Structure formats: structure tokens, C-alpha cells
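*Asks:* Sequence:
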Amino acid sequence: MVKGHRWYFTTFIMTFGYYALTGTEHYHGVCNKLRGIVNAAEKLGYTSTLHSVIGSGILSFIKLAIAISRAKEEIVFVRGVPYCYLLISPAMLIARLRHRKVYLDVPTPLIVAFQEILTAKQGIAIKVLKCFLIAIIGPMAFWPVHVVIQYAPEGKYFQIGNRKKIRIISNGIDIDAIAMRSSAPFWPSNSIHFLGVANVSDWHGYDRIIKGMAHYRDTESNPIPLYFTVVGSGPAIDDLKKLCISLHLFDQVIFTGPLTGKRLVNEYCKAHLAVDAIGIHRKGLSVASTLKSREYCALGISFIASAQDYDFDGNETFRYRVSSTDNYHEIAMLFAEISALPFFLYKEQIREFAEKKLSWESKLQQLGIDRCVQ
2 MVKGHRWYFT TFIMTFGYYA LTGTEHYHGV CNKLRGIVNA AEKLGYTSTL HSVIGSGILS
62 FIKLAIAISR AKEEIVFVRG VPYCYLLISP AMLIARLRHR KVYLDVPTPL IVAFQEILTA
122 KQGIAIKVLK CFLIAIIGPM AFWPVHVVIQ YAPEGKYFQI GNRKKIRIIS NGIDIDAIAM
182 RSSAPFWPSN SIHFLGVANV SDWHGYDRII KGMAHYRDTE SNPIPLYFTV VGSGPAIDDL
242 KKLCISLHLF DQVIFTGPLT GKRLVNEYCK AHLAVDAIGI HRKGLSVAST LKSREYCALG
302 ISFIASAQDY DFDGNETFRY RVSSTDNYHE IAMLFAEISA LPFFLYKEQI REFAEKKLSW
362 ESKLQQLGID RCVQ
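The numbering of the sequence shown is the numbering used here, which starts it at 2 and goes up by one.
By construction, these hints were calculated from the structure, which means they are not laboratory data.
Please note that the accuracy of each hint is not assured.
Stated by the list, open to error - Below are the DSS-like pairs computed for lysine-lysine, each with C-alpha atoms no more than 25 Å apart in a straight line:
| no. | residue 1 | residue 2 |
| --- | --- | --- |
| 1 | Lys212 | Lys165 |
| 2 | Lys293 | Lys271 |
| 3 | Lys122 | Lys212 |
| 4 | Lys165 | Lys242 |
| 5 | Lys122 | Lys44 |
| 6 | Lys358 | Lys293 |
| 7 | Lys358 | Lys348 |
| 8 | Lys212 | Lys263 |
| 9 | Lys122 | Lys271 |
| 10 | Lys357 | Lys293 |
| 11 | Lys102 | Lys64 |
| 12 | Lys122 | Lys293 |
| 13 | Lys64 | Lys157 |
| 14 | Lys166 | Lys73 |
| 15 | Lys357 | Lys44 |
| 16 | Lys263 | Lys348 |
| 17 | Lys242 | Lys212 |
| 18 | Lys358 | Lys44 |
| 19 | Lys44 | Lys102 |
| 20 | Lys128 | Lys157 |
| 21 | Lys293 | Lys348 |
| 22 | Lys165 | Lys102 |
| 23 | Lys73 | Lys44 |
| 24 | Lys243 | Lys263 |
| 25 | Lys293 | Lys263 |
| 26 | Lys166 | Lys348 |
| 27 | Lys271 | Lys212 |
| 28 | Lys271 | Lys166 |
| 29 | Lys293 | Lys44 |
| 30 | Lys243 | Lys212 |
| 31 | Lys73 | Lys128 |
Keep in mind the model is a prediction, meaning the values are calculated, not measured.
Given only the sequences and the hints, what does the whole structure look like? Please build it.
*Replies:* Have a look at this one:
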């Protein structure tokens, strides 16, 4: 220290805001993701706030746009729906001109959003309007922001002027918010229990499990009893129930509806295997990083998946990958070989994998959001 001079240490506290549009239905996975990212920013030393706008109509879009344009945080994360970008893109430009670092979180590539809209159970006029709103702004939706966060490759049209700012990462989770399941079922067992937890849509592919169960029952000479519990509501539930009736499986496929708290924990503790989305190809995707697969890891449950996922190298003994097709015969083959699967893998080992590779802190650091030095 130089005589006559005094050294001062200044604490810099940066701020982080996540501005998100959330639906009015039971999107627990999405809400968990939003909270997980905000909590991760807190752990990295940022003062963080979640600004959530509930709804899916024009008034909700306007509220979100106003909130973004007035953002006070230095780092601004934004999540909307593809057909609202026409309104929120100018707001993101205003935020950038106000010297905010703007990140746009795009959960599904816009090229895939078209297919999702066209296959949704909505009127043709609504479908045309939504697709028009996405197409009219096109790649310009991304132009105002510094970084576009995506989880699968985007279509070439939407990459125009955006190639350098698109960052493809995998989803993360808030590990601390998910307790490892307290117990697991015994193995070997006289029956096998599968579990699927979702806001159930066609792309979850649960019909493949049900058809595979029927094929296994009809082709094996001494089949092990299989039970599949579906937790959640969603647009595909009614079709799955009809499928169970037609295949005479209604006593082996249980639909509980949405569950929370101890009732959900009990289902996790009963499951030998969980089921991730195995119909992801129906969205036009071959690469995906689903939130549910990460939650299963944090819980300590082995699971079935289909899509390529950058966080898994294919050598994991707790992730059983099936093809990204509608083929259910291979699901039946999996059931036939189930006695050879390593269910004995300790839940602690699966949890340890999640802690090392799947935290949101590591994902934010990949995006250049480093730990604050205070």
C-alpha cells in the first residue's frame, strides 16, 4: 500500500430480470424452469426478479411488451410465444437502446412452431392467423436482441441476420428445488410400474407405450404384468383413454390427473421407469433437451427417451433410448428384455449426474453470464 493513499473495494451488484408470458393451464414444467433460471442467477450473485404475465391473448402480449420496454435490470431475459413477437420485438429493441443486455429464450424453433400450430386442435382461422403473425416478422423477431437462446437447430429462414447470435444449449434445472425420491421399488419384481408426468400432448408419445404394452401382452408366452401411470391433464388424454379401451388395457393404464405434493412424490417412489417424451419427432425434432428428463435425473429415476440430447452421450445406464419414430414394436421388445435392465442403479448415482451436468448455473455461464464478484 502506498503511503498517503487508501484502497477502496467497491461491491458491484448486477441485476437480472426474466420477463415471461405464461399460459393459464397447468404448465408446471415451464414455471419450474422460469423459477430455476432466476434462482440460478441469484446463486451466481445477481439480484434477480421474475416478471410473469399470465395469459395468451393480445392484452397479455401488450402487458409483456410494456414491462420489457421499462425493464430496470441490466440483464433481461424474455420468453413469449412465437406469434407475439410482432409486439414484443419493438419492446426488446427499446430495452436494448436503454443499454440492457437482452436474451430471448426460444423454447421451440420457430420452424417447428408452424407444425405445432397446424396440428393443434384449434379452428382453421386461428391457425392461419398465428402462422401469419410468425411469418410476417420472420427473422426480424430476433434482430433486436443480443443473444437468442435455442435448444434445437432453427430453420434457415429464421437464421437470416441471426447466425452469430443464436446459441444452442441444453435445458437445465434447479437441482436444489427437486428432492431426490426417498425410496425406490424393489427389483426384481413380479410387476413393472412405468410413470409419465406431463401436460400430455401427442408429441409425448405415450400411445407408443400403450400399444407396446398390448403387443407385449399378446406376443409373450409368460408376460410380466405392466402398469403405466399417467399423471397430468392435456389435449391427448382423451385419445389415450380411448386407446386403452380399444386395447383392453384400462386396468393397467391409470390416469390420475394432475398431482402435486405427497401424492406426486408417492408416484415417483413407485416407478421402476419413467417415460420422457418419445414422440418428439412429431414436432419435427430429432434433437431436444426436455425438462422432464432432467427432473427424472434429479429425482433419481431411470427413464425412456427418444431424441438426441446434448447433455447425454448415450453411455448412461439409466437413460434407455428408443427410436424417434412411431414404432411400438421396439417398445414391446424393451418390455421383453426388461429383466436384463439395470434397475439396481442407485438413485444417488443418477442424482449425482444431474448435479454435475444439468444445473441452470452451468447453462447461464455457457451464455456468458458469469458469477458476480462481490
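*Asks:* Give a verdict on every hint.
*Replies:* Checked hints:
The suggested pairing of lysine 212 with lysine 165 is violated, with an alpha-carbon distance near 44 Å, which exceeds 25 Å. Distance check on the hinted pair: lysine 293 and lysine 271 sit about 17 Å apart at the alpha-carbon level, within 25 Å; holds. Under the criterion of a C-alpha separation no larger than 25 Å, the hint pairing lysine 122 with lysine 212 is consistent with the structure, at around 23 Å. Restraint check for lysine 165 and lysine 242: not satisfied, since their Cα atoms lie roughly 46 Å apart, outside the 25 Å limit.
Between lysine 122 and lysine 44 the CA atoms are separated by roughly 41 Å; this puts the pair beyond 25 Å, and the hint is violated. Between the alpha carbons of lysine 358 and lysine 293 the distance comes to roughly 15 Å, so the proposed pair stays at or under 25 Å and holds. The straight-line distance between the Cα atoms of lysine 358 and lysine 348 is roughly 16 Å, inside the 25 Å bound, and the hint therefore holds. A threshold of 25 Å between alpha carbons decides the hint, and for lysine 212 with lysine 263 the separation of about 30 Å lies outside it, so the pair is violated.
Between lysine 122 and lysine 271 the CA atoms are separated by roughly 33 Å; this puts the pair beyond 25 Å, and the hint is violated. Our distance criterion of 25 Å between C-alpha atoms is met by lysine 357 and lysine 293, whose separation comes to about 17 Å. For the hint pairing lysine 102 with lysine 64, the CA-to-CA distance comes to about 20 Å; that is within 25 Å, so the pair holds. Between lysine 122 and lysine 293 the alpha-carbon distance is near 24 Å, which keeps this suggested pair within the 25 Å criterion.
In summary, the hint linking lysine 64 to lysine 157 is not supported, as the alpha carbons are separated by about 31 Å, beyond the 25 Å threshold. At most 25 Å may separate the alpha-carbon atoms for a hinted pair to count; lysine 166 and lysine 73 meet this at roughly 23 Å. With a CA separation close to 16 Å, the supplied pair lysine 357 and lysine 44 stays within the 25 Å bound. A C-alpha spacing of about 19 Å is found between lysine 263 and lysine 348, which places the hinted pair at or below 25 Å, so the restraint holds.
With a CA separation close to 12 Å, the supplied pair lysine 242 and lysine 212 stays within the 25 Å bound. A C-alpha spacing of about 16 Å is found between lysine 358 and lysine 44, which places the hinted pair at or below 25 Å, so the restraint holds. A hinted pair counts as satisfied when its Cα atoms are at most 25 Å apart, and lysine 44 with lysine 102 qualifies at roughly 19 Å. The straight-line distance between the Cα atoms of lysine 128 and lysine 157 is roughly 22 Å, inside the 25 Å bound, and the hint therefore holds.
Taking the CA atoms of lysine 293 and lysine 348, the gap is about 16 Å. The hint holds against a cut of 25 Å. Taken as a hint, the lysine 165 and lysine 102 pair is honoured in the structure, with Cα atoms around 16 Å apart against an allowance of 25 Å. A C-alpha spacing of about 20 Å is found between lysine 73 and lysine 44, which places the hinted pair at or below 25 Å, so the restraint holds. Distance restraint check for lysine 243 and lysine 263: the Cα-Cα separation of roughly 29 Å exceeds the 25 Å cut-off, and the hinted pair is therefore not satisfied.
Restraint check: the Cα-Cα separation between lysine 293 and lysine 263 comes to about 18 Å, which is no more than 25 Å; the hinted pair holds. Using a Cα cut-off of 25 Å, the hinted pair lysine 166 and lysine 348 is violated, with the two alpha carbons roughly 38 Å apart. Only pairs whose Cα atoms come within 25 Å are accepted, and lysine 271 paired with lysine 212 is accepted, the gap being roughly 22 Å. Between lysine 271 and lysine 166 the alpha-carbon distance is near 44 Å, which puts this suggested pair outside the 25 Å criterion.
In summary, the hint linking lysine 293 to lysine 44 is supported, as the alpha carbons are separated by about 22 Å, within the 25 Å threshold. With a C-alpha separation of about 12 Å, the suggested pairing of lysine 243 with lysine 212 holds against the 25 Å cut-off. Restraint check: the Cα-Cα separation between lysine 73 and lysine 128 comes to about 35 Å, which exceeds 25 Å; the hinted pair is violated.
In summary, the numbered hints that this structure violates are 1, 4, 5, 8, 9, 13, 24, 26, 28, 31.
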